[in-house]
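K.L.:
Residue numbers (our numbering), protein chains in the order written: chain A, 87 to 670; chain B, 87 to 670.
These aren't lab readings, by the way, just hints derived from the structure by calculation. Treat the hints with care, as some may be off.
Note that identical chains are pooled: a pair holds if it fits in a single copy or bridges any two copies.
Said to hold, decoys possible - Here are the simulated lysine-lysine pairs, DSBU-like style, with alpha carbons at most 30 angstroms apart: (1) Lys238 with Lys224; (2) Lys482 with Lys113; (3) Lys348 with Lys238; (4) Lys380 with Lys469; (5) Lys350 with Lys238.
Here is what each chain is made of, one letter per residue.
Number of protein chains: 2
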Amino acid sequence: MYRTHTCGELKQSDINKEVTLSGWVQKIRNLGAMTFIDIRDRYGITQLFFDKETNPKLTKRTEELGREFVIRVEGKVTERSSKNTDMPTGDIEITVTEFKILSKSEIPPFTIEDNTDGGEEIRLKYRYLDLRRNTVQKGIILRHRMAQEVRKYLNEQDFLEIETPFLIKSTPEGARDFVVPSRMSEGKFYALPQSPQVFKQLLMISGYDKYFQLIKCFRDEDFRADRQPEFTQLDCEMSFVEREDILTLFEGLAKHLFSVIKGKSFTEQFPRITYDDALNIYGSDRPDIRFEIKITDLSEIVKGNGFNVFDNAEFTGGICAEGLSGYSRKQTDELIKWVQRPQIGAKGLVFAKYNEDGTFKSSVDKFYSQEALKKWADAMNAKPGDLMLLMSGNKKQILIALGELRLEMGNRLDLRNDNEFAPLWIVDFPLFEKDEETGQMHAVHHPFTSPKKDHINSLDSDPENIKAEAYDLVINGNEIGGGSIRIHETELQKKMFRILGFTDEEAKAQFGFLMDAFKYGAPPHGGIAFGFDRWVALFNGSDSIRDVIAFPKNNAGRDIMIDAPASVDDQQLKDLNLKIIKKG
Amino acid sequence: MYRTHTCGELKQSDINKEVTLSGWVQKIRNLGAMTFIDIRDRYGITQLFFDKETNPKLTKRTEELGREFVIRVEGKVTERSSKNTDMPTGDIEITVTEFKILSKSEIPPFTIEDNTDGGEEIRLKYRYLDLRRNTVQKGIILRHRMAQEVRKYLNEQDFLEIETPFLIKSTPEGARDFVVPSRMSEGKFYALPQSPQVFKQLLMISGYDKYFQLIKCFRDEDFRADRQPEFTQLDCEMSFVEREDILTLFEGLAKHLFSVIKGKSFTEQFPRITYDDALNIYGSDRPDIRFEIKITDLSEIVKGNGFNVFDNAEFTGGICAEGLSGYSRKQTDELIKWVQRPQIGAKGLVFAKYNEDGTFKSSVDKFYSQEALKKWADAMNAKPGDLMLLMSGNKKQILIALGELRLEMGNRLDLRNDNEFAPLWIVDFPLFEKDEETGQMHAVHHPFTSPKKDHINSLDSDPENIKAEAYDLVINGNEIGGGSIRIHETELQKKMFRILGFTDEEAKAQFGFLMDAFKYGAPPHGGIAFGFDRWVALFNGSDSIRDVIAFPKNNAGRDIMIDAPASVDDQQLKDLNLKIIKKG
Numbered sequence: 087m088y089r090t091h092t093c094g095e096l097k098q099s100d101i102n103k104e105v106t107l108s109g110w111v112q113k114i115r116n117l118g119a120m121t122f123i124d125i126r127d128r129y130g131i132t133q134l135f136f137d138k139e140t141n142p143k144l145t146k147r148t149e150e151l152g153r154e155f156v157i158r159v160e161g162k163v164t165e166r167s168s169k170n171t172d173m174p175t176g177d178i179e180i181t182v183t184e185f186k187i188l189s190k191s192e193i194p195p196f197t198i199e200d201n202t203d204g205g206e207e208i209r210l211k212y213r214y215l216d217l218r219r220n221t222v223q224k225g226i227i228l229r230h231r232m233a234q235e236v237r238k239y240l241n242e243q244d245f246l247e248i249e250t251p252f253l254i255k256s257t258p259e260g261a262r263d264f265v266v267p268s269r270m271s272e273g274k275f276y277a278l279p280q281s282p283q284v285f286k287q288l289l290m291i292s293g294y295d296k297y298f299q300l301i302k303c304f305r306d307e308d309f310r311a312d313r314q315p316e317f318t319q320l321d322c323e324m325s326f327v328e329r330e331d332i333l334t335l336f337e338g339l340a341k342h343l344f345s346v347i348k349g350k351s352f353t354e355q356f357p358r359i360t361y362d363d364a365l366n367i368y369g370s371d372r373p374d375i376r377f378e379i380k381i382t383d384l385s386e387i388v389k390g391n392g393f394n395v396f397d398n399a400e401f402t403g404g405i406c407a408e409g410l411s412g413y414s415r416k417q418t419d420e421l422i423k424w425v426q427r428p429q430i431g432a433k434g435l436v437f438a439k440y441n442e443d444g445t446f447k448s449s450v451d452k453f454y455s456q457e458a459l460k461k462w463a464d465a466m467n468a469k470p471g472d473l474m475l476l477m478s479g480n481k482k483q484i485l486i487a488l489g490e491l492r493l494e495m496g497n498r499l500d501l502r503n504d505n506e507f508a509p510l511w512i513v514d515f516p517l518f519e520k521d522e523e524t525g526q527m528h529a530v531h532h533p534f535t536s537p538k539k540d541h542i543n544s545l546d547s548d549p550e551n552i553k554a555e556a557y558d559l560v561i562n563g564n565e566i567g568g569g570s571i572r573i574h575e576t577e578l579q580k581k582m583f584r585i586l587g588f589t590d591e592e593a594k595a596q597f598g599f600l601m602d603a604f605k606y607g608a609p610p611h612g613g614i615a616f617g618f619d620r621w622v623a624l625f626n627g628s629d630s631i632r633d634v635i636a637f638p639k640n641n642a643g644r645d646i647m648i649d650a651p652a653s654v655d656d657q658q659l660k661d662l663n664l665k666i667i668k669k670g
Numbered sequence: 087m088y089r090t091h092t093c094g095e096l097k098q099s100d101i102n103k104e105v106t107l108s109g110w111v112q113k114i115r116n117l118g119a120m121t122f123i124d125i126r127d128r129y130g131i132t133q134l135f136f137d138k139e140t141n142p143k144l145t146k147r148t149e150e151l152g153r154e155f156v157i158r159v160e161g162k163v164t165e166r167s168s169k170n171t172d173m174p175t176g177d178i179e180i181t182v183t184e185f186k187i188l189s190k191s192e193i194p195p196f197t198i199e200d201n202t203d204g205g206e207e208i209r210l211k212y213r214y215l216d217l218r219r220n221t222v223q224k225g226i227i228l229r230h231r232m233a234q235e236v237r238k239y240l241n242e243q244d245f246l247e248i249e250t251p252f253l254i255k256s257t258p259e260g261a262r263d264f265v266v267p268s269r270m271s272e273g274k275f276y277a278l279p280q281s282p283q284v285f286k287q288l289l290m291i292s293g294y295d296k297y298f299q300l301i302k303c304f305r306d307e308d309f310r311a312d313r314q315p316e317f318t319q320l321d322c323e324m325s326f327v328e329r330e331d332i333l334t335l336f337e338g339l340a341k342h343l344f345s346v347i348k349g350k351s352f353t354e355q356f357p358r359i360t361y362d363d364a365l366n367i368y369g370s371d372r373p374d375i376r377f378e379i380k381i382t383d384l385s386e387i388v389k390g391n392g393f394n395v396f397d398n399a400e401f402t403g404g405i406c407a408e409g410l411s412g413y414s415r416k417q418t419d420e421l422i423k424w425v426q427r428p429q430i431g432a433k434g435l436v437f438a439k440y441n442e443d444g445t446f447k448s449s450v451d452k453f454y455s456q457e458a459l460k461k462w463a464d465a466m467n468a469k470p471g472d473l474m475l476l477m478s479g480n481k482k483q484i485l486i487a488l489g490e491l492r493l494e495m496g497n498r499l500d501l502r503n504d505n506e507f508a509p510l511w512i513v514d515f516p517l518f519e520k521d522e523e524t525g526q527m528h529a530v531h532h533p534f535t536s537p538k539k540d541h542i543n544s545l546d547s548d549p550e551n552i553k554a555e556a557y558d559l560v561i562n563g564n565e566i567g568g569g570s571i572r573i574h575e576t577e578l579q580k581k582m583f584r585i586l587g588f589t590d591e592e593a594k595a596q597f598g599f600l601m602d603a604f605k606y607g608a609p610p611h612g613g614i615a616f617g618f619d620r621w622v623a624l625f626n627g628s629d630s631i632r633d634v635i636a637f638p639k640n641n642a643g644r645d646i647m648i649d650a651p652a653s654v655d656d657q658q659l660k661d662l663n664l665k666i667i668k669k670g
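Pulled out of the complex, with its shape left as it was, chain A reads as follows (with noise of 0.2 angstroms):
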């Protein structure tokens, strides 16, 4: 036997057992009288007491143990004489009269504590090393317990968890597939699927009625920081519903895990904001609303006074910073260099600084009077001692520039708390995105999203313009998820295909028994996805879904640890009918 107890259970109560513990040496401190050992397991630490004088052979023999051993002890609980608070365990201690090395240990490449010297890629390369320390451990169970209280929450609305395949088949629609080569039927290939979504379509029209599945989902992407090749997502669909059903039940679940994983009681509604009042006001379709600062529109205010770039845009908005009336020319100038990066993009920034004694000072003070700024500070409710931030150009555009200013200002003025959580939903999203080049629409969500149904009349005439009934969950500027209710007619389905610029053949093709399937009566129907593993970061305070993942690849989609993707040998691409073509 190698345990009676854990690491993290015993206390004041267990004082006199006789117990055996296994685990790591964590730390060991041999004071000459005295050597203190510190035993982890997944469960917690504990002291371990050897003293030299009525137990000399057995301390002499904790010599030769080292961090990272694993051991296996036997010993008594006894009372700490200087009790530590901060550990559960930090009544007791273990006064050991045996113990076993059951398994000895090289010096680790990296300190296992919480502050680790260690490098990212020398962590990911050791990651069984990473993963136990504490704060990447605290990172995995939250996973754990909040794909529990998801399971739980759903199963008790009725819910079906149905697994779905992931051997399926190529489309060229949206990102790349990963495709796997099939031995026995030559020349051909399954593709790994990039979310289940006509599976559980399908399962709608089989009438499964309440979907959902926690599943690995796979995009063979130009890698992007924090983009995993393979990532998983919470997948759900229900019939016979609309937007409110979808909506109220899924805010419900949010709510329950904002209350048992994060103790936060969320009584009101979530608020809703359309896209296009996201895009005006926040410049962001997944705005963080942690923070009060809005996009005013100054276009019409600012025209008239000389200042050509200003009179000849077609927008111009603004953001005021509290209190940053005081900054500097070098801050200012910072800033300015700030949007002209290529992320942001912007050509320039035009700042009026509202000072505490009410007079105003602007990059622009040859062309806008006092009065001039003034209106400016009332059009966006600026007070004395705040700084205005102006851009100006397509509207669009600057209404995104301005959205990534807002939220470095939130971030200097550390209005963005990660420990608040302020969760809303973004409703009518656009059906179509133009390609500016080729004129050819694109679907926004996907070609199965349903517009508006007040909208479904000028799909022809005015495509650009129509809504969808899209919505997506967005907590603290990250979109969560996202999801839409879907056509379920044939002929609804058809048009859309045909204004996407498929062909018939296409369509029929890469989606004819979703098409087929639609003939037999499909119920309406409409869902939603959410991207666990920025949900669970979000919660875990990690800006990286690296962090709650058990065995992350890299940025460029390598997993270090077991060396993959690695060649194969010439046998296993001759069964496979393959040929690799060296480049040049």
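We have chain A; now place chain B onto it with these hints.
P.N.:
The following block gives chain B in isolation, referenced to the frame of chain A:
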């Protein structure tokens, strides 16, 4: 709003309520003066009533409806004149005041009934319609419930469900991997996991202590009956455990499922039989012990009577089929043919009838007297009226053939009742299996399986007779799960790889990261993996795992609904640096 209630919940106490239901038209009975329609959803069936006299227009409109139309109806819950006690809603019907067709249906290619007229191929092609059938839905819902109960049990035991990666590295060991070409790393491939074996062991080394996962695994096999290229495994691993801990905990899981899913209470410990005994007694390492028939070793008893076949055989064994002494010549001839089929491969079969009058009649009366045959009967505990069946030859082959014959006789005697369950553990499997042609040793389970402690010393001298700390859970002749205590010492693991014929380089290339991990303090650990599809199929009374998979592939590994695998376009291949080689 589409519904106030589901089609499965209205009852006597709801009478006079105004309700709205949505669902599929299951059946229409137009009796002239009245029309009855059964409307179906996942939850049940409700009868709709249309009265021609009071509502002629509405009743007329029902003529537009057909089977599988999706409709929304409004009406009042009324008491049925002739109640149907077979259905939960059989006390009531809805007197319809209004209805709307939500979606029409063409005539389905087969009937959506428990006993459908559709063959398997067409049902797979239209799987979304097959999934509507009550019998299929029952299996999918059972699967959901079993998954829920598995998670509930393991969560309560402090297990963590941790996701392991799908894009890993190919290893030539065991079955073929499916591989996934990498676009970013030219000429390199990921592989899909055959099991998360290595990762769960790493999680133990990382200190996660108790891990499980319900997870898809992949095997590129030459498809055999009832194998799927992707299948679901309940994968589990624990640290600081011995065999006993694992058997106890997972026997608890099995008992929990038997109890909550099948209403069967197992109070006694499951029987445990060694692999050697299972083979000797039942001719199988996954014996069906719902029935008593056992194999008797008759090698010595049958010798010395001048019958060369038995005299020269390494082994002669027999089974006794109760009450079948009346078998005709035709029936015994048929049995002989049965054992001679290639699947069994026996040369022949000797039988001896123990007649009701106490005399014997055998196919070898020329050699054996009544007294000699009485000795057989005594050895086999045969009674008057029984039929004794004997085979001889190579011991292992004959035991296995007798094992198959035993199952056949169990079927004929109707001793294998679908609603009776006989679980047991098979323990002490051999560690190695010798390839008779090459003499090479292979791991019976996998290369990480620990030998039994007291066998470790003879690893080099007598590898063939080494037993492993490995175990299988068998229910009704199905291997439901299997696992082992793992090796946690680097030196022993290295030795295993050597015996298995890996060079140090091969072992390092394939499992280097695991071998490295062992250097930093590996706890003793072990685990088990269950074939979840098989377990659900067993509890569902299904012969095929396809019955309990929402979207299965056919026996050739094709998804004939979505038509996968399929061709991919040239650009996709080019991006992957791949070319298809035509055979021939």
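K.L.:
Now look at each hint and say whether the structure bears it out.
P.N.:
Quick rundown of the hints versus the structure:
no.: 1; hint: Lys238 with Lys224; result: both (21 angstroms within a copy, 21 angstroms between copies)
no.: 2; hint: Lys482 with Lys113; result: neither (57 angstroms within a copy, 55 angstroms between copies)
no.: 3; hint: Lys348 with Lys238; result: both (16 angstroms within a copy, 22 angstroms between copies)
no.: 4; hint: Lys380 with Lys469; result: within (14 angstroms within a copy, 94 angstroms between copies)
no.: 5; hint: Lys350 with Lys238; result: both (18 angstroms within a copy, 25 angstroms between copies)
In this structure, only the earlier hint numbered 2 is contradicted, and the remaining ones agree with it.
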